[in-house]
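Asks: Take these sequences, add in the hints, and give me the full structure.
As they're listed, the protein sequences go chains U and E. FYI, our numbering numbers position 97 of the first sequence as 95, with every residue one higher than the one before it. FYI, our numbering numbers position 76 of the second sequence as 74, with every residue one higher than the one before it.
Any given hint could be a false lead.
All copies of an identical chain are treated as equivalent in the list; a pair is satisfied when it fits inside any one copy or across any two copies.
[Unchecked claim] Straight-line Cα separation of at most 27 Å, DSSO-like style, residue types lysine-lysine; simulated pairs:
(1) Lys57 with Lys44
(2) Lys114 with Lys198
(3) Lys72 with Lys195
(4) Lys78 with Lys44
(5) Lys153 with Lys195
(6) Lys72 with Lys57
(7) Lys198 with Lys44
(8) Lys78 with Lys198
For the record, the hints were derived by calculation from the structure and aren't laboratory data. Bear in mind the structure is a predicted one, so any value in this text is a computation, not a measurement.
2 protein chains.
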Amino acid sequence: MAAALDFYFDFSSPYGYFASTCIDELAARHGREVQWHPILLGAVFKATGSAPLPLIPLKGDYSMHDIERTARFKGIAYRKPSALPIATLGAARATLWVQSTQGNAAAAAFAKRLFKAFFVEDQNISDGAVVIELGRQSGLDADALSEGMQAGAIKEQLRAGTDLAMARGVFGSPYVIVDGEPFWGFDRFDQIEAWLKNGKI
Amino acid sequence: MAAALDFYFDFSSPYGYFASTCIDELAARHGREVQWHPILLGAVFKATGSAPLPLIPLKGDYSMHDIERTARFKGIAYRKPSALPIATLGAARATLWVQSTQGNAAAAAFAKRLFKAFFVEDQNISDGAVVIELGRQSGLDADALSEGMQAGAIKEQLRAGTDLAMARGVFGSPYVIVDGEPFWGFDRFDQIEAWLKNGKI
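Replies: Shown next as structure tokens:
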């Protein structure tokens, strides 16, 4: 099987959520898997001098409108969360813990559950207790998950993973790297599909 | 005929150039016209705290790559200009002068000629003499154009037009407003098409 797609995202990113709803299927159509990489965009924005979309003058208001319209256009379930952006440290660490203990497929499934909780059910996944309860409902060991989210190794993995992402050029969410080729944004999924089909554009 | 699409762009914007190659045809397919609005993104970026794409860390390098790939993906002629971004004051004023003296269709044709000169032929359209020569080749009166570009009324029209654009929410290029609905970016042209077809999304 050809190399996996690297999928970088922040749990607070609406377009990252849109990507999460279809990237596994997109890759599978071309015999590929997806490696899910939760990162912290806050750290990235500090390095690039950017800011979360909702906080940028003019662009922020437009984006909130565009997100709802794009959800309708693509037929993706979406309800605007009460608070946006939120801190995603806990959700990212929980996903990395699932990945390191139960593999990438389990981590992808849990990440999708977290995204849905936030962007469809308006659950506040910046709250560690909410993340743990969602884990419990997903069949994870709640105590082990709670401990894992606090483990030094997991914290360090998220820091290092975010640094490594930036070293690879990642500056936003979603950001997908296919065979070394970078694609930023949900609106580049048509180009990703073409790349997977033809190996070039 | 239904209301015209308002098309806001800066002559230094590659994605604005991409939009310029097809927006008249897109509108015509749905019985619409396009009102072309050159603006100065520099003034907009000052207000929003943003910067020209090529100058943003990580995002700048990615964007240069994405622009070339998107041109190939969409089959649009493109050669990376030697300098980017450039000052577009003269090109914008020239277009407004053509618009005010010869109407919107002539202005659109001249704007397309300027975009092509910059993004295909690598002509430096920040140089007023280049703009005037392109005008001459397009059948415009070179002396009148040269004078028009310096006229106080045209300068004021560009200032006021850029302010008005910001008041309508414009923060980037291309930016298209259809029946009050805003669309930012060449990658929203599929949504514009859907809107023109259905009157909603």
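Asks: Run every hint past the structure and note whether it holds.
Replies: To see whether the hints hold, each was checked on the structure:
{"no.": "1", "hint": "Lys57 with Lys44", "result": "both (19 Å within a copy, 13 Å between copies)"}
{"no.": "2", "hint": "Lys114 with Lys198", "result": "between (33 Å within a copy, 26 Å between copies)"}
{"no.": "3", "hint": "Lys72 with Lys195", "result": "both (21 Å within a copy, 16 Å between copies)"}
{"no.": "4", "hint": "Lys78 with Lys44", "result": "within (25 Å within a copy, 29 Å between copies)"}
{"no.": "5", "hint": "Lys153 with Lys195", "result": "neither (37 Å within a copy, 50 Å between copies)"}
{"no.": "6", "hint": "Lys72 with Lys57", "result": "both (21 Å within a copy, 26 Å between copies)"}
{"no.": "7", "hint": "Lys198 with Lys44", "result": "neither (33 Å within a copy, 38 Å between copies)"}
{"no.": "8", "hint": "Lys78 with Lys198", "result": "between (36 Å within a copy, 20 Å between copies)"}
Of the hints listed earlier, those the structure fails to meet are numbers 5, 7, in rising order.
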